[in-house]
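Student: Take a look at the letters that make up each chain.
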Amino acid sequence: MTTELPNYDEVLNSLNPASAVPMGRLTFPYYYAQVVGSSVDPNRVGCVQARVSGVTDLWEDKFQPWFAPQLTTGMQQVPQKGQWLMVRFLDGDINQGMYYGVSQTKHFLPENFVGEYPDIAVLNLGESDYLYTHNRRTHVSDIRNPGNNSGITWNEAGEITVDSSNASEEEGSSSVSVLTEATIDIFTCRPVGSPSNGVRSGSEYLRVPHISKATVDALRGNGSGTETVVKSVQDSEADGQDTRQLDGLNGTYTVPFMESPASKRRTSKTNKRIIIGTTGGSPLASYLGSVTATESKTCVHYLVGLGDGQPDIISSLADQAAAKNLGFIQCAETWNDGTYGSDMTGKKNVDAVSVVFYGNGELNKYQEGKLMDIVNHVKKAGSLDEIEVVAFKSMNPLDTRNLAYMNLSAFEGVY
Amino acid sequence: MGKSKVGERYSVSIGLVKAGNDSSKELVVYNDASLHAFEFIVPMNGLPAGRTKIVCDAGVVGNPSSGSYGKLFVDGLLSGGKVMELPIYVNSLVRNNISQEVVSLDLEFTLGHEKLQSVMESIALEGTSVDAVNKLFAAQEIEIIDDVSPAKGSTGVSDNMIWRFVAGTLPEHLLNVIVRSSLPGDLLYWVYDDSALTFRMGTFNVSKASKHKNFFMYTSDAVTTTNSATHNVKGTDTNIWYYSGYSPSDLNGETREARSPNLVIDSTASGSAKDSGTCSKDCWKAVIGSMGANEQFIESETYGPQKMVKPFPANTHKTYAIAPHVRQYMMAEYSKMVTLRIYNHPGPAVGSCVYFYAASPKLKNGDFLPDENYTAKYIVLGKKIMKAATVNTGLLGRERPANTSDLVTEITMVSNAGYDGAKSADYKQVTELASAITRALAKETKK
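So the protein sequences, as listed, match chains A and B.
Residue numbers for the first sequence follow numbering that gives the first Met the number 0, beginning at 0 and rising by one.
Residue numbers for the second sequence follow numbering that gives the first Met the number 0, beginning at 0 and rising by one.
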């Protein structure tokens, strides 16, 4: 007889795993899942257990599926309980999930990501809320470590500050600026730190240009207090002094350079003005000392005495009276900003070069010549056609410096 | 042996909701004569499904629609004159107007148990694959016949894990478990048992070791000696299904009714008997090679190096990733296949074991000898119940008598007994049982 062979494909297909693609699959490109429990992947390959939103919401933690990490060339970390994952599933199989995205915090996104939106970039460093952030508007970068309550800030001026609530207040500031200052016991000249963490990094960058003999004697127990100055090692080595070039009206020459720590670093700057002022009668050496002191808050670019020479060493009132106030010193790079004048608004110091003359405003020929040299130098260095010169005037009308302003105003104008 | 019982019939009819009104539950029943074609497939690991073409008077038909429920009636199957009723779910129904008075309905349906059609919430269960199947049925409050139970300990089910199911239907969840189940040397299955009208879970090995036996027995005088489709040998758990040849309709009598009122078996040996039971090494290599694996772990008892399942350590059992391929490998062993046609009887249940005494053309003392290749124990893999159409036998230019009310059940059986069947334990068991049955029947006849 002729019997047509039955087609049993349908029957056999039900037994053929390759063609058996049951429904109940998770086939969307991605799902959100939140890490649960504290189970540790026995293979230590980064798997975590997570609750899949809209799918396993009602399941007990122990029933939640495990997810394997999708490898990355970026930072590999094991997500913590509460952190959110973006997941997908091989063959849509809930038992074969993989995560390929991890939220920065348990709250999905850090607060300042929203608050500073859209200027802030955030990178999680392997622990919930341990974040590296960078604000492209303020140019401030920051690392906050919640585990040890400390952080590092790299501010708009390029300064790096380390702060920690673990630091002992008795031993120094909890906030330390790296490269510009450090916590130093001024009596022992030894850097200090917290009992647990020891000396903070950055201490080795401390610059102490001069140590008085009295301090040295005090350290040695001599106690005589003779007021002479002992040059620091750095200064002794630098008898070939640090200098900068100045493009004067009659040619280029060098100017001694003693940097003020209050100088504000800039990445790009176009000078728009030159601010001129006076020492208000203070000796040139005193003013130089205040500008270059480690905790100085005043910075001027140039300091001009009455003539060529070195600033006098001032150690007593008698010295002050006899001082000749000679010298021409540069204290800041012209491409950085100064902080001249405590009541000068910060904005005026921005994009400006400040020049302070010894005296009360009556400039001698030497000082006038240096002013014109500086004007020429700033214009040439910045390829400027012209630049404005303004005299510093105190905001307080009773301030005697306003008298100096009256004299210096004669030099105001566009050059 | 008893005499032939003439005229026993099985018939099907379909009831569909009238006027698309589910709430009334009023059915329009389309009887056997209205069903111009009928096909009902009972697969392993899937829901039974079917299709039919109903031709009827336009005035009779209501306005049935896809998505409604109805009933499939099978008359003459159950004892005591009861009519078997199966709920059906209408997957699609297309109405064609043949004329103003006559319409045809093309109907496709699946088994309509409501709890099988509804989408279940996502759930997670803990245990072995056998436990998971049990719990899934329990979650839908559906009773099953659990054939695995007696052998739970002996099968060494070791696929303990948390089984997770996202929203889907029960059959989908069940298939998820089946595909990922891992029973050493065995295959788990579930099926709708159309003889018990409920669900069954079992394994191939448990089926083969079952105390109850379906015996397809060759006998040259099957036509005249049977009075029923099956015959239970007294004092045994053996149910005998007689057949008298591969092409009985051409050799015996002029009409089907005269030949065998209840049972005729047409058998077609197919599949690759040579390869049955031999899927090891090269076969296994081919299966496993499709996964991009190398030879190093072909002989591995755990089916591969740990790295294959390592990414999901706590999610699954250790052979989860490879389990579908292991099933494929084991199914490849069951490559000896026989297709039988049984007339006017639904035949043994899918998943059950059949002792098949295949007759060879060789004669001994006027009787057929067992076919050494195909005499073995088989597992019923699936079946298709059809309404018979007129069949041209191709012999003597004579057409087989048309009897459009005949129901034909095609069953597909597979075996993993080797090609050299005479040496296999299966062959020995089947032939010994055949002898025992012959002796028992002889005693019955004497009484």
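One should not assume that every hint holds.
[To be verified] Computed list of lysine-lysine pairs in DSS-like fashion (alpha-carbon distance at most 27 Å, straight line):
(1) Lys-347/A <-> Lys-296/A
(2) Lys-134/B <-> Lys-207/B
(3) Lys-347/A <-> Lys-268/A
(4) Lys-61/A <-> Lys-52/B
(5) Lys-61/A <-> Lys-81/B
(6) Lys-81/B <-> Lys-52/B
Read the hints as simulated data drawn from the structure, not as lab findings.
Because the structure is a prediction, the values reported are computed rather than measured.
Student: The structure should be examined with respect to each hint, and the outcome stated for every one.
Tutor: Cross-check of the supplied hints:
no., hint, verdict
1, Lys-347/A <-> Lys-296/A, "holds (16 Å)"
2, Lys-134/B <-> Lys-207/B, "holds (25 Å)"
3, Lys-347/A <-> Lys-268/A, "holds (13 Å)"
4, Lys-61/A <-> Lys-52/B, "violated (51 Å)"
5, Lys-61/A <-> Lys-81/B, "violated (50 Å)"
6, Lys-81/B <-> Lys-52/B, "holds (25 Å)"
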